[in-house]
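A.B. asks: If you want the building blocks of each chain, they are given just below.
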Amino acid sequence: MSGEGGVATSVADPVEVEDVPRRLTARHSLQDRLFVHGVRVTGLFVLVIVSSIGLFLGLQARPTFSHYGWSFFTESRWLPSQDIVGISAVLLGTLQVAAIALIIAFPLSLLTALFVTDWAPARMKNSLVRAIDLMAAVPGIVFGLWVLLFIQPHATHVAHFLSKYLGWIPIFKVHTDVDYPIWNQAPGYPAYQGSAFIAAIAVSMMIFPMATSVMREVFSEAPAGEKEAAIALGATRWSMVRTVVIPFGRSGIVGGTMLALGRALGETISVVLIISQTFQLKVNPLESGTSTISSMIAIGYKEATPAQLSALLTAGFLLFVITLVTNTIAAQIVARGRSGAGTEL
Amino acid sequence: MTAVSADNLPAGGLRAVERRADDVVQPPAVPVPADLPRPVTGRTREDTITLVAAGFASLATTWLLYTQILPVEGKIGFVVSWFAVFVLYYAGLTALTRPWTVVADRVATCFVVAAPTLVGAALLCTVIVTVAKGLPALVHWNFYTTDMAGVRPSDPFSSGGILHAIVGTLIEVAIAVAIALPLGVTAAVYMSEVGGRGARFVRTIIEAMTALPSIVAGLFIYSALIVGLGLPSSGLAAALALAVMGLPIMARASDVVLRVVPGGLREASYALGAGRLQTVWKVVLPTARPGLATALILGIARMVGETSPLILTSGASTFLNTDPTTNPMNSLPLFIYNAVASGQPAFEQRGYAAATVLLLIVLILFVFARLVARRRPVR
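Those protein sequences? They're chains V and X, same order as listed.
Just so we're aligned: the first sequence equals residues 151 to 495 in the working numbering.
Just so we're aligned: the second sequence equals residues 3 to 381 in the working numbering.
Hints may contain errors.
[What the hints assert, rightly or not] Have a look at the derived ranges for each label pair, beta carbon to beta carbon:
(1) X:Gly345 x V:Thr393: 48 to 56 angstroms
(2) V:Asn276 x X:Ala93: 26 to 34 angstroms
(3) V:Leu229 x X:Asp325: 36 to 44 angstroms
(4) V:Ala379 x X:Cys112: 22 to 30 angstroms
[Claimed, not checked] The calculated lysine-lysine pairs, modelled on DSBU-like cross-linking and capped at a C-alpha distance of 30 angstroms, are:
(5) V:Lys314 x X:Lys77
(6) V:Lys432 x V:Lys323
(7) V:Lys323 x X:Lys77
(8) V:Lys452 x V:Lys432
(9) V:Lys314 x V:Lys432
[To be verified] Facing chain X, from chain V, some residues (calculated, C-beta under 10 angstroms):
(10) Gln210
(11) Leu264
(12) Val266
(13) Ala281
(14) Pro289
(15) Ala305
(16) Phe358
(17) Thr362
(18) Ser389
(19) Arg392
Bear in mind the hints are in silico, worked out from the structure with no lab data behind them.
Here the structure is a predicted model, which means the values were calculated and not measured.
Idealized CB from N, CA, C, for every residue including glycine.
Model the full assembly from the supplied sequences, consistent with the hints where possible.
C.D. replies: Next up, the structure:
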């Protein structure tokens, strides 16, 4: 500063410059500390609320498990008044309804997702996506009413047809005289009404939008470069979809289906409206009478004594564990697939 | 379809190269056609004729089979057979003139178009059936302004209504939203903005709890509050059940939205000297606002339509009750359920009319969500 001599020495002799890093103080203001702590406390509060439900259900389930032991899983009858409680039939019914709903909804969702991403004209795409979202918001009870009033009369015909011509396959068998004309039976075709098959139709309407939107999202991330390459090589639209979009979106297909399965297992109200409840270990989904865990809770809670309530809670806990496992696996599969987006050209 | 005229492209390219080499010596003798873009989705007359012919032929065949030859009947069977025969004919006609890949493409297109058509028809049919069945009750003004107190299920539609159910739904959902929305959004802010090991744990648990079936949430409130603590069935219990069900859903949805806010915006905010609260309040939340609003409104729409927790917790009243803490409180889904389960034809029709109102409320919420989402995000 005083003259050029001083500057020269400081350039020539770098040792004299003290190169101490500036001290960074990460001290937040009071406002920020309050904010972070407040948010953390709220987050942990939510954690406590949410996990207390799981803990509560688990604790309530313990006496039932210790009282009935393994017979809780193998017994098919549900007679709490006689101290006979088992959920094998209910569990089988739950899985049957969910499986049939998936069989109906899976091809529809897959094809609809493909239609939205690769077939629909560009100006239709947004309104289609919106329509699927809107369908997801339709209350389950409305689909239940629709199936009850409008679909059941047709579905019983289909069930009758299947059991008549394919009855030699065990799952299509209905324990009634299939040659007896359906219009001649007692009002409401009792042998075919209220079956797992018809309940599954309502459930499939519930899970369709969820599966479709997951699949559509993954399909729409398929690399445009590879799609154009396939077209440029002379592929038809279907060949392009088969070789590029579907292999790319496999994680979305599997993950979306499993998410839908989780929803199907817990669906209550449309099933309650449709089925006629029986506790019977059987694999005839076309035959009247089945039961699912959620419908059993909705129907049975009212007359429940404390012991029966504990048994219902155990069933609810089991349902929760099943959906939890399904959803976790589904989320893992979808998340793993997302990392494949790096293949973009 | 796209493989048809692919050989045009290299030919045109070669011709262009030849011309450039030759035009120094002499002008080209043959005029070169202009480079028109190849129509990718063009449909030739043959394609249209094939499609229409397959349609008519399959319709005729199916009609013949159904009315003249086979001893079968039924509308579903007719439509299914018609579709199957159509696909068969369409594939056969295409195979006469086109290569195998085009046949496969057309068969696939048939199915890909049929699936959304089927679902759309089902959705439309759901709405029409519900509205049509409820219409006799819907046209009476008293359906919206009175409750069912002193009205027998078999009474004509000119007396009684669902005011108590509408009010009950609004009160219950309002309480549930007042509990679940602030907690859910704050938890999402904690998960995505504060971070750390605790936040990751909270996220894992909340993601797990979105799997909680709604009936189990209802059963939890029923056994913990109503049986355990001896509280009466009330609107508050129902609202708590809805909140328990909705809290993980809302937290998860908000977390997903907050996570896609670009990190650069946060860093820019910190670089300008803003604190954490300021960054969240003035940068992150305004940026995420449209997405957040959509996610939350769709969560609310799901709460409005949820029935199973209400069956267990609220009790069904027939009178207007605006006090959520005492006395049972009815709600739309519960009213519908009880009406249909009653088996009384007139009361069932009231149930369908109430379902129409419920659909309308959900639709209004949905349209509102779209309007909020359309607003330009603050930058």
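A.B. asks: Which numbered hints turn out to be false for this structure?
C.D. replies: none
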